[in-house]
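Q: For the sequence shown, the positions run 83 to 750 when our numbering is used.
Heads up, none of these hints are tricks.
Using C-beta positions, here's what the derived DEER-type ranges look like:
| hint | residue 1 | residue 2 | range |
| --- | --- | --- | --- |
| 1 | 514 | 660 | 57 to 63 Å |
| 2 | 441 | 586 | 32 to 38 Å |
| 3 | 393 | 666 | 44 to 50 Å |
| 4 | 441 | 374 | 32 to 38 Å |
| 5 | 660 | 563 | 22 to 28 Å |
| 6 | 374 | 250 | 43 to 49 Å |
| 7 | 548 | 595 | 29 to 35 Å |
| 8 | 689 | 444 | 50 to 56 Å |
| 9 | 382 | 650 | 41 to 47 Å |
| 10 | 441 | 648 | 51 to 57 Å |
| 11 | 664 | 400 | 36 to 42 Å |
| 12 | 378 | 542 | 35 to 41 Å |
Under the rule of at most 30 Å between Cα atoms (straight-line distance), these lysine-lysine pairs were calculated in the DSBU-like manner:
| hint | residue 1 | residue 2 |
| --- | --- | --- |
| 13 | 579 | 569 |
| 14 | 579 | 382 |
| 15 | 699 | 569 |
| 16 | 553 | 699 |
| 17 | 689 | 579 |
If you're looking for bench data, these hints aren't it; they were derived computationally from the structure. Quantities reported herein were computed from a predicted structural model and do not represent experimental measurements. Ideal Cβ positions, reconstructed from N, Cα and C, are used throughout, including at glycine.
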Amino acid sequence: MQRAVLFVPLLVFSLIACDSMVNAQGPSRPGGGRAGGMGQQGGRGQDRSGGGRPGGMQGGQQPPWVAIFDADKDGQLSAFEIKNAAEALMKLDKNQDGKIGGDELRFGGAQAGSPANGQRGSGGPNGRGMGRPGGQPGGQPSGGRPGGGGGRGGDPAQADAAFASQLRSLDSNKDGALSIDELPPHMHSAFENADADENGSLNEKELLVMASAFRRNKLNPEGGEPVNAPTQGRTGQGGNQPRGEMSPGQRRGGHGGQGFGGQRGGQRGGGQRGGQAARSGQRSRPRDNVRPRDIEFNEKFPVGAALPDSLKLYNVDRQLVSVNSIFDAKYTVIVSGCLTCPEYRNSYPEIEAFAADYRDKGVQFYFLFQSLTHPENWGYVQPTSIQERFAQIEHAEELLQTKIPWLADTMDNEIKSHFAMTPNSQFVFDHDGTIVHRASWGRGSSLREWLEDLVGPSEKTTTVAELNLPKFGSHRTSPADMLIDRKTLEGIAAPLKVAAGGEVLDVGALMSRDFGQSNRYVKLRPEADQQLLRTGSGKLYLGFRQDPVLGAAWNNLATPPKYRITAEGVTFTPAMAEAEKLSVESDTEPREFLIDVENWEPGKPIKVEIQYFACNKDKGWCKPAQQEFTVWLEQDRTAGMVNGRSHFPGGGGRGRQGGSRSGGNQRR
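The task is simple: from the sequences and hints, build the whole structure.
A: Here you go:
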């Protein structure tokens, strides 16, 4: 015991010193929140120095260990309290075995006199920091990265799983099931709704149902305050709520007047963004905001409307058909996406999970492959033929491990153009092709809510974790990993229309990776600065990239790639140039050039040729190749936007896409 008397003051001193160093670093962003979700209240209107607050802690926060020793609860440790620290510490020994371990070391927010992590304590099962699925501010599960869902930026299914896991901690008799007596009173109504078999306890699936109900605000009393806030401060489905549209439950008088678009009282899309999302210190995503394009989308596609018969796409058999010919199920869900859209990659797992639950309830699901939203993300480039688009779909099915079948937009991008250029929209159509639900961004949680109302709740709840889908790294190549410095135009550049010459191979030949003399292994992306677009004289960017789906790489043991431009009456400086020679054997990084142009007239295309040596180590071939492109001085509005390059206003060209160093194995 004497050792404890000497040890504990040293422990207290070390904790104080450690905490002082942590707080000395200060907040990492305006609002007072440090990384990890602390500071949900931000720091607005607060004295960040801690003046006027017990203990002098930033934002009024107090480390939970202080409460162990702080007998008079004044927020600081007196000399008397430090002297008696050993006695106070032994109070944690609940089982009186002379040791402190396991759950006894988990101080808990209530002991600290405030909710854990500074959260409000009214929402969760124990009233401490579980106000919504995930248990962190904004619904971020413990251990997850900002954005929630344990790694997929906005995955409600994973947030529900994390919340259910926390609910299991309330199983006091350790029988593996949760009874109503083990829940706090404010969750009893949720228990009754979730107990589908009415056996008086909740199993694993019923726990997920309860977590989902909390996340989607389906437990609010009529006219009362919300029991909890939506997951991640995104309003879950809120970024897509159109003006004046009600959720299914609102139209039918259900759900206590709670719309799927936000808080009770008609709050519409994105209204939460400046509140919860900002307060939780999370970075907003495109679908968190209601932009003019989203409003235009909702107004253009009102519920009850139908698509024109002239609108065509390629069905799952790769036949060109009318869109209206595919609605042969009671309800049809279509979610658009591609290989380069981060929002699609983040949201498709939850769509896959819901499809697994609703396929046997008369609902057909499709993904719609469109032109690449952000070409060069993960190294992918725009296809030049419908066969190459089909090859990208096959690649996406393997890479993303999708089970939902894919439709394909035409090479004229009819669907994407008709759908107001939205990259990740979602629709629910009835059997007659009438729009029942639409949203400018794909979001599985809103689909589940609508489908529950249309065809009833599913008897099973598939989680994203159960699907075991792949996870992906950053869509950008780190500048430290680039072999070649990237080139960029000054100001705002725009992609130009381009067509590739050469043989059009079928999908089988493309995916075989066998060499084809006329195959289009290299894709060209031309961009023009604003002066060139306006006057015909200015700067032209030419970016040549190996198509990762076709599996070739630059062979650096041979002559470097060389381009040549030909056109009558137009001056290009230089009209011919060779890329720098690299010391690595092969790579897939872009070969980029900046060219001065004079007197290029609209309507008069130019010819661009490139000569290079291509190789595929796996197939064992290295061959010379030559390709030709036709380029028009006309902006291509369906060519997509390259992240980080100058045709984004304010883009600086840093951190842009490259390729990998190893022969055709594209970094993912």
